[in-house]
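With chain A's structure known, arrange chain B on it following the hints.
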Amino acid sequence: MANEKVKVKKKRKKWTGLEFFCTAGLTLLALLIIIPFWNTIVISFSTNAAYVKSPFSLWPKEFTWDNYRNIFRNGDGLITAYKNTIFVTLVGTLAAMATMIMAAYVFSREFPGKRFLFLAAIFTMYFGGGLIPTYLLIKNLGLLNTHTSIILMSLASVYNIIIMKNGFEGVPMDLQEAAMIDGANDLKIFAKVMLPLQKPLIATFSLFTAVGFWNNWYWPMLVLNKSDKTLLQLFLKTIIESASTLKEGVAAAEDLSTMIFTMGIQMASVLCVILPIMVVYPFLQKYFVKGMLVGSVKM
Amino acid sequence: METKVKAQKNSEKKKTILTEIWRARYLYLLLLPFLVWLIVFHYIPMGGIVMAFKDYKARLGILGSPWVGLKHFERIFVTPDAITSIKNTLQISLGRIIWEFPMPILLAIMITEMPGTKVKKVYQTVFTFPHFLSWVVVSSIMTSLFSNSGVVNTALAGMGMEKVQFLGESGFFRVMLYVTENWKEVGWGAIIYMAAIAGIDPTLYEAASIDGASRLRQIWHITLSSLKPTIAIMFILKIGGIMNAGFDQIFNMRNDVVKASSQILDTYIYDITFLATPNYGFSTAVGLFKAVINFILLTIANQTVGILTGTKMFSFRKEKVKQEKPAKAKAK
Numbered sequence: 001m002a003n004e005k006v007k008v009k010k011k012r013k014k015w016t017g018l019e020f021f022c023t024a025g026l027t028l029l030a031l032l033i034i035i036p037f038w039n040t041i042v043i044s045f046s047t048n049a050a051y052v053k054s055p056f057s058l059w060p061k062e063f064t065w066d067n068y069r070n071i072f073r074n075g076d077g078l079i080t081a082y083k084n085t086i087f088v089t090l091v092g093t094l095a096a097m098a099t100m101i102m103a104a105y106v107f108s109r110e111f112p113g114k115r116f117l118f119l120a121a122i123f124t125m126y127f128g129g130g131l132i133p134t135y136l137l138i139k140n141l142g143l144l145n146t147h148t149s150i151i152l153m154s155l156a157s158v159y160n161i162i163i164m165k166n167g168f169e170g171v172p173m174d175l176q177e178a179a180m181i182d183g184a185n186d187l188k189i190f191a192k193v194m195l196p197l198q199k200p201l202i203a204t205f206s207l208f209t210a211v212g213f214w215n216n217w218y219w220p221m222l223v224l225n226k227s228d229k230t231l232l233q234l235f236l237k238t239i240i241e242s243a244s245t246l247k248e249g250v251a252a253a254e255d256l257s258t259m260i261f262t263m264g265i266q267m268a269s270v271l272c273v274i275l276p277i278m279v280v281y282p283f284l285q286k287y288f289v290k291g292m293l294v295g296s297v298k299m
Numbered sequence: 001m002e003t004k005v006k007a008q009k010n011s012e013k014k015k016t017i018l019t020e021i022w023r024a025r026y027l028y029l030l031l032l033p034f035l036v037w038l039i040v041f042h043y044i045p046m047g048g049i050v051m052a053f054k055d056y057k058a059r060l061g062i063l064g065s066p067w068v069g070l071k072h073f074e075r076i077f078v079t080p081d082a083i084t085s086i087k088n089t090l091q092i093s094l095g096r097i098i099w100e101f102p103m104p105i106l107l108a109i110m111i112t113e114m115p116g117t118k119v120k121k122v123y124q125t126v127f128t129f130p131h132f133l134s135w136v137v138v139s140s141i142m143t144s145l146f147s148n149s150g151v152v153n154t155a156l157a158g159m160g161m162e163k164v165q166f167l168g169e170s171g172f173f174r175v176m177l178y179v180t181e182n183w184k185e186v187g188w189g190a191i192i193y194m195a196a197i198a199g200i201d202p203t204l205y206e207a208a209s210i211d212g213a214s215r216l217r218q219i220w221h222i223t224l225s226s227l228k229p230t231i232a233i234m235f236i237l238k239i240g241g242i243m244n245a246g247f248d249q250i251f252n253m254r255n256d257v258v259k260a261s262s263q264i265l266d267t268y269i270y271d272i273t274f275l276a277t278p279n280y281g282f283s284t285a286v287g288l289f290k291a292v293i294n295f296i297l298l299t300i301a302n303q304t305v306g307i308l309t310g311t312k313m314f315s316f317r318k319e320k321v322k323q324e325k326p327a328k329a330k331a332k
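Protein chains in written order, with the numbering used here: chain A, 1 to 299; chain B, 1 to 332.
Heads up, a few of these hints could be off.
To be verified - Computed list of lysine-lysine pairs in BS3-like fashion (alpha-carbon distance at most 25 Å, straight line):
#	chain 1	residue 1	chain 2	residue 2
1	A	K14	B	K120
2	A	K14	B	K121
3	A	K188	A	K114
4	A	K139	B	K57
As the list claims (entries may be wrong) - Estimated spans, in silico, between C-beta atoms of each pair:
#	chain 1	residue 1	chain 2	residue 2	range
5	A	R115	B	S149	54 to 64 Å
6	A	F72	B	E74	50 to 60 Å
7	A	R115	B	Q165	50 to 60 Å
8	B	V175	A	N185	56 to 66 Å
9	B	W99	A	L18	15 to 25 Å
10	A	N140	B	A276	17 to 27 Å
11	B	R23	A	I122	18 to 28 Å
12	B	L18	A	R115	15 to 25 Å
13	A	I79	B	R23	46 to 56 Å
14	B	F73	A	K188	50 to 60 Å
15	A	L94	B	R23	25 to 35 Å
16	B	V164	A	T16	33 to 43 Å
Hints in this document: simulated from the structure, not taken from any laboratory. By construction, the Cβ of each residue, glycine as well, lies at the ideal position given by its N, Cα and C atoms.
Isolated chain A, as found in the complex (with noise of 0.2 Å):
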């Protein structure tokens, strides 16, 4: 009731300047957003020919599956980045929360030491020994060319760990002291208590980490450099990489419509990679956003 009357309310009343300026300005920054992806999604099922006519079009001219079906020309590499993605995406998640979930709920109980372990925590969210040392790191524990470094890399982030323990400071200290008269030890209360209390929290970033992992190209440049390792954002810098270095070759050839359609093979290439991203975002949004709220909140 009391929200249709705000509704009329709202309908009636005309818009002020201000509202019809941010409404506007919103609107454009949507288009502008939006308008990337759709013309990515176009390009990449356009021929080559239908491309140079007209680089923009709100509808592919002449639908072709035909850039899918090349980025498999050169054997299915997509597949196994996919699999890999998946596999350490799925892995890395699970070892990351639970190291998170577990440091966040030790750190918002009292204990001794407890100052000095957390600034130890947070020093390194702003300094650290660096890419070489790091590297070397990685080579002498002879985890180069393996998924396990990627996920070791990531297995935590202070940062996430810092909000998550706001989140746990949010519980009533009662709710554990109760549980601690009725005899529990710290694991009870962690696994029983407090666990099922943060379900939300922990769903959201799992999300966060899991998409971390997706997203994750920059160690695996530098760490996997075997083809059945790949991940599928590397895979698609080799894609665009080799593509670039095609498109020269290419270049002279006259035909537009036998030619290799390199700048469609790249676009297929990144909704492929996107395409998850994609299809659960928009119903995941809140959880997303309910996560920052939860550290913005208390920070």
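Using the frame of chain A, we list chain B on its own:
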């Protein structure tokens, strides 16, 4: 006598600490995986920093390689490429503070002021989406749009205008760095400010409008001033990251034409380590130089903002952390 009492007291203290530690044993257990990871993947590499003071030879190992003092650091300041990359890093970071930092604040205010809850939600989904894509992906999309044969240039040519080398001219490339990062991150960055705006006491606005303050004045005096602590924290983070001018973005978007003018410290370190004959000592020195400056900047920024607004990202003294809490409660 006295010493005996003291000793007794000391041992009692020890006992209570030991019992406290024993009581917290499960907590340490839960923390263990993280601590091991922290030591292995952060503190051991930090130990590797000694390489910056050594001539690293793979066969001698880090510890066995000879010390060379500050040789590598001296070399930074006589290597033109290194100096250029420091300059570029500072210029690009400054550009980001000017052209990127205010945008999420502006966007958050605009979203708040926009009427229509449902449309707002759809828009927010659109705005935040690009944040979840990697720079590998975003740079491919941007290249397809802005390269010489890309959509924008073909459209310009079609309209009879001259093509613009958005990605192939150093001045434009800088601008494109700001534009594309805004495109990717502005929506996500706005969330934190929107949360802060949502936490503002609505009676403040009511009172102000009764007093006859226009909406713009309300935004200035209530919204923006309530956002001060959040802005302060975000600014600290930004200042602390001044020496990272955006490796992922530049690395994925650069090409040979703009390479020199967009060479930042991180890309420089990458190039000299993986593309040329590596000199690990020198590379590490450049990295350390960068990290130390970052850390100093962060500390200064943290102190300054703390004095100005009473909000600090972190404090090394315990009392101050405690003082912070009531102040925040008020801000809410």
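query: What are the numbers of the hints the structure violates, in ascending order?
result: Per hint list: zero violations.
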